[in-house]
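There are 2 protein chains.
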Amino acid sequence: MQKIRSGTLAALLLGSIFTPVLSHAAPADSAAIRDSALKDDVAFAFTEGLTTEVGPRPAGTPQEARARDWAVAKLKALGFSNVRAEPYTMPVWVRGRDEARIVSPFPQNLVLAALGNSGSTSEKGIEGEIVYFASIADLEAAPAAALKGKIAFVDHGMKATQDGSSYGYFGAARRQGPSIASKKGAIAILIRSIGTDHHRVPHTGVQMWADGVTPIPAAALSVPDAEQLARVIARGQPVKVHLTLTSKMLKDQPSGNVIAEIPGSDPTTGIVVAACHLDSWDQGTGAIDDATGCGIAAASALQVAKLGQPRRTIRVLMAGAEEVGGDGARAYYKAHGAEKHALAIESDFGADRIWRVDFKLPQGHEVLAKRIAGALAPLGVGASTQEAGGGADIAPLVKAGVPVIDLQQDGTRYFDLHHTPDDTLDKVDPAQLRQNVAAWAVTLEAVANAPESMGVN
Amino acid sequence: MQKIRSGTLAALLLGSIFTPVLSHAAPADSAAIRDSALKDDVAFAFTEGLTTEVGPRPAGTPQEARARDWAVAKLKALGFSNVRAEPYTMPVWVRGRDEARIVSPFPQNLVLAALGNSGSTSEKGIEGEIVYFASIADLEAAPAAALKGKIAFVDHGMKATQDGSSYGYFGAARRQGPSIASKKGAIAILIRSIGTDHHRVPHTGVQMWADGVTPIPAAALSVPDAEQLARVIARGQPVKVHLTLTSKMLKDQPSGNVIAEIPGSDPTTGIVVAACHLDSWDQGTGAIDDATGCGIAAASALQVAKLGQPRRTIRVLMAGAEEVGGDGARAYYKAHGAEKHALAIESDFGADRIWRVDFKLPQGHEVLAKRIAGALAPLGVGASTQEAGGGADIAPLVKAGVPVIDLQQDGTRYFDLHHTPDDTLDKVDPAQLRQNVAAWAVTLEAVANAPESMGVN
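Same order as they appear, the protein sequences are chains A and B. Per UniProt numbering, residue 1 is the first one in the first sequence, and the count goes up by one each step. Per UniProt numbering, residue 1 is the first one in the second sequence, and the count goes up by one each step.
These are computed hints drawn from the structure, not numbers from a lab. Virtual Cβ for every residue (Gly too), placed ideally from N, Cα, C. Check each hint, because a few of them may be wrong.
Pairwise CB distance ranges, derived in the manner of DEER restraints [stated by the list, open to error]:
#1 B:V103 with A:G401: 31 to 39 Å
#2 B:V103 with A:D252: 44 to 52 Å
#3 A:R231 with B:D69: 26 to 34 Å
#4 B:I126 with A:P267: 52 to 60 Å
#5 A:G389 with B:A137: 49 to 57 Å
#6 A:V94 with B:P87: 29 to 37 Å
Same shape as in the complex, but just chain A (with noise of 0.2 Å):
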């Protein structure tokens, strides 16, 4: 883990309590309620408690269930109303046996992880020679025949970014490069794993089959073994690899959202919906990804219920299966895309500091953003002129045209930790946690009691 400096941080926050915010634009309560939302200690317990009692809990399975049991009864017990799971159902990847070696010029093993909806190889593995490609472009300006009855090895290094926007650019050789690779008539696809780390925890991620692609084992390795890869093929010999990657595809399994309100005095005004999720890969225990974004929803609902009763109804959303495609957030517009929705807003990109605000709010809400951001700034949040997105748990709706306000996390170790085993609970900073429940509380309140009129349907 890099080590996060806390002390920097904490002098911000101390710096932001004692600054006479009330001469600022925001109102008088989104320094209270920033003040308390500072010393919250309920967004770490329900990081704590998900991962230690129910750990991994993958989408679909009997842990992500446990994961919906433990969920419902967490927010029952810390005062939410019309706390209930919302069950669907669909297909399921489960991973097997991740084995790698080189057979040739050097044997020794590698490190990997099967991306989801991998193609499974026998019991027994397959072997193949290794082509290089230095990145997704040349695995896709590659001839067929280069590939036909070979293993695909895109080494695509990811640096980390503050925004995360590296992501989508690199990620495209987990997301696509397996699709081009069997097209191609490659028997497998080795990629570097999407991350920014030197540690043998390779990073796993979903991939969806092009259609009418057959499925070939796809797997990414570690940072280091992919390096050591790409130094043994430097050497010039032909590189054979042996793989067994062993997964299952499941029909019809279980799965579902969570849900659970401070219900707010005006139904007519519309939801704000604050979402996470709170399913998580199967490897490491979704500490940063996503049950933080689920303490941080919860506990900031409850710090703007502390207040007294807000004029909107505050929807804590911990959505199902959005780490394989967001079946989750499809079931939830299914059943709630009709009602009235005031915002969405989601944080699902850990807990480190949040550091900018984005807005997408309908035409004449200039000065309910600029309460906000007044709000933020003591915060050391900064406002943007990038118009927000949302994301995975809320996309149907931010689809659909409802408001909605992103408060960008800090990611620059994100991708050190995601989607590897080593997401667990030791890599969330308490500090930074608080701050991010701070700018969730001050922001939820301001749009929960806007005078304003918002929102879709």
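Assemble the complex: chain A is given as a structure, and chain B must be docked to it using the hints.
Same frame as chain A, now just chain B:
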């Protein structure tokens, strides 16, 4: 990986090059050799080659045999004389499957690695209730009745130190814990990894069963897994764990040392032994433990040879089987203990910068120690008043009274990586490695050409 501040080191080294060192007590040669060694590429190339073309090389296995072949060829190519492997045989423990899961109350997998010489479970594994001990002292103090039929868990956390001294104290959980637990009737023992990182990479390592003790399955949990297990236990319910740790013992397997020399002009003055070990643990590629040590020993001997034939022979000893008890060191002493040895020196603590030099020289050699300290000072190395002790590969020589010098590496991040899958080439900082070569080269040069009479036999 913790990032290394190469810039700081580079500045330090650059500073040293332009310091008028000729005004020191050090002779002109030490400035020239230091200047040359700070540009060394041999140590990194050696490390890169061994870790890439051989990879992991556990003692007494075909991989270690490949490492000997590789090293003999490489040392000959580098121009060493009298290059040869010196074989011996030894018993070998071979890892099988390492799997564990919490069965109840919160089912989830745990990441762990069997310790060297661990007993084996059946293929189906064993199941037992965990008994928690905060330290090895608590395990020692426990009544036998508390452990009968159960699994001991020793949660003994180590913090990083620059000199690595905490390993001695906290390492007892690994070295003695299994024998204590077995004597008290435990069916297995888990320990928190003897490590200072927070990654899902368990730290293995050897442990020897005390006389008359029945081997039981013994393994180290990664630090995040140990913390998770401790949290689960703290909930207060009985905790059941299922363990599958299969392994086997083989008798009389081939191992061996590799030796290479820079012949001296006066054989009567004794041999300077520059030692490291060629074997590694099985899960990493043994980059910092101890490919770098062998790279440093070989590269620094060659730096001395560049200045002309030294007075004393420099003998590079790349020992086998250090990790599992020092069979190579004993075999070397059996074969060569009767020869005159002027000095022994060993590199087996990574390749971060050398910060301190310790001496154990015969009385009357204070002038030599001062010359060496003067030559090392421009590299940022301070002389200590602690007595040098050497390491496992030269232990029989040191015990027999051979003088010894320790060039102490900065161990602050060593136990983040030690004995884990994460001990890979990317953890080696080339700038710090060169500083090691420079410190070694000026030391070897001073000793090999010392006019003083020294040594045993």
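These are the hints, each one checked on the structure:
At roughly 49 Å, the beta-carbon separation of V103 (chain B) and G401 (chain A) lies outside the given 31 to 39 Å, and the hint is violated. Distance hint for V103 (chain B) and D252 (chain A): a CB-CB separation of about 28 Å, inconsistent with the stated range 44 to 52 Å. Here the CB-CB span from R231 (chain A) to D69 (chain B) is close to 19 Å, at odds with the stated 26 to 34 Å. Separation of I126 (chain B) from P267 (chain A) is about 58 Å and conforms to the stated range, judged on CB atoms against 52 to 60 Å.
Between G389 (chain A) and A137 (chain B) the Cβ separation comes to about 55 Å, which falls inside the hinted range of 49 to 57 Å. A hinted range of 29 to 37 Å for the beta carbons of V94 (chain A) and P87 (chain B) is inconsistent with their spacing of about 48 Å.
In this structure, the hints that do not hold are numbers 1, 2, 3, 6, in rising order.
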